[in-house]
Amino acid sequence: MGNRCAVIGVGQTHYTTKRRDVSIAGLVREAALRALEDAGLSFKDIDAVVIGKAPDLFEGVMMPESYLADALGAAGKPMMRVHTAGSVGGSTALVGASLIQGGVHDRVLVVAFEKQSESNATWALSTHLPFSASLVVGAGGYFAPHIREYMRRSGAPDHIGTLVAVKDRLNALKNPYAHLKIPGIDQKMVESTPMLWEPIRYLETCPSSDGACAMVLSSESKVTGTPAWVHGTAMRSEPIFRAGRDTVSPQAGKDCAADVYSQAGITDPRRQIDVAETYVPFSWYEPMWLENLGFAADGEGWKLTESGATALDGDTPWNASGGVLSSNPIGASGLIRFAEAALQVRGMAGEHQVDGARTALGHAYGGGAQFFAMWIVGRERP
Amino acid sequence: MRDVAIVAFAQTRHTDHDAGQTEPELILPVIDEVKERTGLKRFGFTCSGSCDYLAGAPFSFVSALDALGAWPPISESHVEMDGAWALYEAWVRLQHGDIDSALVYGFGKSSLGDLNTIMTIQLDPYYLAPLGLDLLSYAALQAGAVGADRKELDEIVRRSRADGRANPYALDLPDPDGEDFAVQPLKKTDVPPITDGAAAIVLAAGDLARELCPNPAYIRGIAHRIEPHYLGMRDLSTSASAADAARAAGVGKGPVEVAELHAQFPHEEIILRRALELPGETVINPSGGPLAANPVMATGLIRIGEAARRILDGDASRTVGHAAGGPCLQHNLVTVLEA
Numbered sequence: 001m002g003n004r005c006a007v008i009g010v011g012q013t014h015y016t017t018k019r020r021d022v023s024i025a026g027l028v029r030e031a032a033l034r035a036l037e038d039a040g041l042s043f044k045d046i047d048a049v050v051i052g053k054a055p056d057l058f059e060g061v062m063m064p065e066s067y068l069a070d071a072l073g074a075a076g077k078p079m080m081r082v083h084t085a086g087s088v089g090g091s092t093a094l095v096g097a098s099l100i101q102g103g104v105h106d107r108v109l110v111v112a113f114e115k116q117s118e119s120n121a122t123w124a125l126s127t128h129l130p131f132s133a134s135l136v137v138g139a140g141g142y143f144a145p146h147i148r149e150y151m152r153r154s155g156a157p158d159h160i161g162t163l164v165a166v167k168d169r170l171n172a173l174k175n176p177y178a179h180l181k182i183p184g185i186d187q188k189m190v191e192s193t194p195m196l197w198e199p200i201r202y203l204e205t206c207p208s209s210d211g212a213c214a215m216v217l218s219s220e221s222k223v224t225g226t227p228a229w230v231h232g233t234a235m236r237s238e239p240i241f242r243a244g245r246d247t248v249s250p251q252a253g254k255d256c257a258a259d260v261y262s263q264a265g266i267t268d269p270r271r272q273i274d275v276a277e278t279y280v281p282f283s284w285y286e287p288m289w290l291e292n293l294g295f296a297a298d299g300e301g302w303k304l305t306e307s308g309a310t311a312l313d314g315d316t317p318w319n320a321s322g323g324v325l326s327s328n329p330i331g332a333s334g335l336i337r338f339a340e341a342a343l344q345v346r347g348m349a350g351e352h353q354v355d356g357a358r359t360a361l362g363h364a365y366g367g368g369a370q371f372f373a374m375w376i377v378g379r380e381r382p
Numbered sequence: 001m002r003d004v005a006i007v008a009f010a011q012t013r014h015t016d017h018d019a020g021q022t023e024p025e026l027i028l029p030v031i032d033e034v035k036e037r038t039g040l041k042r043f044g045f046t047c048s049g050s051c052d053y054l055a056g057a058p059f060s061f062v063s064a065l066d067a068l069g070a071w072p073p074i075s076e077s078h079v080e081m082d083g084a085w086a087l088y089e090a091w092v093r094l095q096h097g098d099i100d101s102a103l104v105y106g107f108g109k110s111s112l113g114d115l116n117t118i119m120t121i122q123l124d125p126y127y128l129a130p131l132g133l134d135l136l137s138y139a140a141l142q143a144g145a146v147g148a149d150r151k152e153l154d155e156i157v158r159r160s161r162a163d164g165r166a167n168p169y170a171l172d173l174p175d176p177d178g179e180d181f182a183v184q185p186l187k188k189t190d191v192p193p194i195t196d197g198a199a200a201i202v203l204a205a206g207d208l209a210r211e212l213c214p215n216p217a218y219i220r221g222i223a224h225r226i227e228p229h230y231l232g233m234r235d236l237s238t239s240a241s242a243a244d245a246a247r248a249a250g251v252g253k254g255p256v257e258v259a260e261l262h263a264q265f266p267h268e269e270i271i272l273r274r275a276l277e278l279p280g281e282t283v284i285n286p287s288g289g290p291l292a293a294n295p296v297m298a299t300g301l302i303r304i305g306e307a308a309r310r311i312l313d314g315d316a317s318r319t320v321g322h323a324a325g326g327p328c329l330q331h332n333l334v335t336v337l338e339a
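As they're listed, the protein sequences go chains A and B.
Per the UniProt record's numbering, the very first residue in the first sequence carries number 1; after that it's consecutive.
Per the UniProt record's numbering, the very first residue in the second sequence carries number 1; after that it's consecutive.
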């Protein structure tokens, strides 16, 4: 898979509903400077910049990489802009890694962001192409029927989604960057919140956040500090309109996982992956992805969630950071998963560190659950 | 670096109006064409370039994927940039050594909106965009900075339109006449036409390139550079990023028979010719260039495709394809192709 690549710096902003104190440029620069500081480097050490974000309509700025080149120290360098829907944060990391694995550069700055307060994401997601009908339902309205179908197939009881919502918010209380910090969160509180798109309640969905995440990626010869080594990378896409497409457990997700596991030598993900940061914007997606990613057999994912296996102190912790349910700057959400996976294997995750984590999965999905990006990072050199 | 070549190129017969096709319908024929030319049905990697604001809705590329028949699922990525940068991403991916083929495409329908106004929101949203500086205004600022001879600009437009008329894929535009200004010093005929279109390219690495095509166009150098966004921070009469990218790609290491430049306005051709240090004997934009067809988001990829086509057809041995992005040539990508 080309040359070795490592994560040597991670930077995040504090995720929150409105960052009125910074422009978009200020936001991405904050994350970038923290990542550089973590790596002990400065902009002059960077060979290229890769930036990712979800649709331009979210902030109303077209091709914002043009405007952000100055703030990210990219002038005089190559700069790329990635956009693969909700999976974009993950894809951005993979394009950055690709530049190193392909032997083109030694050090790449990867940044992803969303400043949702500058616009209205649900509106931006509801406008339709001039030649297709719009449901005007936003993301929750699109995914709710797929969740109901999962419940029907697996026979999962109604409270599983609530368990995930509580677990991830408890983890978020340990993460200094997390957006939603809800002291005293419990099942009863989640169940008391309004139903938005049946079966998704208010506290079973992700917030709208402002925020950015950045990473410094390095070739083997230029590693500084504590590296998280990239053991595998994969992207997969499938068409949104295909009769017979399984939107509950998409084939692209299964194929992407199979590819990244085979590169990293993983045959039993539940046992070999110490911690997973997965894209769970609605709580029910945890049991669904447990099955899609091979951590549980078909129809068994909810049982793993119910057993507490995915809690911070469980045997297969998922979203120790609090996940997308606790912070969702959409374009950055995938990159945060990839960055948190790296922090875990570097042993730098602070209070939400999983003891002895040596191998971690970063996962992101997007579109109509049709775009997937994943990587496996490890403490050891591959 | 691994040997990677362009082995097939296809483009739509571009139109200056909405011909009633959806974006997937625009893309499908060019994808079919490059599949047929190479005999490949599956590719190791697929990457595309497009811009949501042209359609005025998010996720243009989501429905575009339906045109590919991406089943079983494919390894795929997308850049919100001209398809030329999708080609760059695919070239990088092929350098890993584990896959040998890639499909690249770009598409855009600028007939759906008012491109001149849409491009305004590409600018810094706090300081520049509110000024209402539109595409023609900032191009005119650069034209003023170049201070080119009017006769030279007219000749570039006349030559581009004539070449475009001879190119079945470009638009049929008459010889420029009249003195009407769009925004001084740019005349209306200096403005690139609104164009809908798409293009696709197949890349192949190693032995596969020679198996798929008798005359592969090998990518001997490819590089891109961005400059500061703020127009006041640049010398608008030159292009430092184009010059840097050209040096990194090795344009000057040999004679250039044909250069396809992403020059949307005649003064941009002058800037780019100087930045790339192209000698007088290099034939510039024999396809007619963006002044004869400018499907935004595919225009740069088409330049690389047209430069490759000369080699694929056996008519040239060393050519250059160039793509640009951002206001006033802020971002430039240069590709050197050899037989």
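Simulated from the structure, these hints should not be mistaken for lab results.
Ideal Cβ placement from N, Cα and C applies to all residues, glycine included.
Careful: at least some of the hints might be erroneous.
To be verified - Short, incomplete list of chain B residues facing chain A, as computed with Cβ under 7 Å:
(1) S75
(2) V92
(3) S111
(4) D114
(5) N116
(6) Y127
(7) C328
(8) Q330
Verification of the supplied hints:
Proximity of S75 of chain B to chain A holds as hinted, the smallest CB-CB distance being about 5 Å (cut-off 7 Å). About 4 Å separates the beta-carbon of V92 of chain B from the nearest beta-carbon of chain A, less than 7 Å, and the hint is met. Interface restraint check: S111 of chain B against chain A, minimum CB-CB distance 11 Å, threshold 7 Å, status violated. The restraint placing D114 of chain B at the interface with chain A is violated, with a minimum CB-CB distance near 13 Å, outside the 7 Å limit.
With a cut of 7 Å, the hint placing N116 of chain B at the interface with chain A is violated, because the nearest CB-to-CB distance is about 13 Å. With a cut of 7 Å, the hint placing Y127 of chain B at the interface with chain A is violated, because the nearest CB-to-CB distance is about 9 Å. At a threshold of 7 Å, the smallest CB-CB gap from C328 of chain B to chain A is about 10 Å, leaving the interface hint violated. Satisfaction of the interface hint for Q330 of chain B is found here, the shortest Cβ-Cβ separation to chain A being roughly 6 Å, below the 7 Å cut-off.
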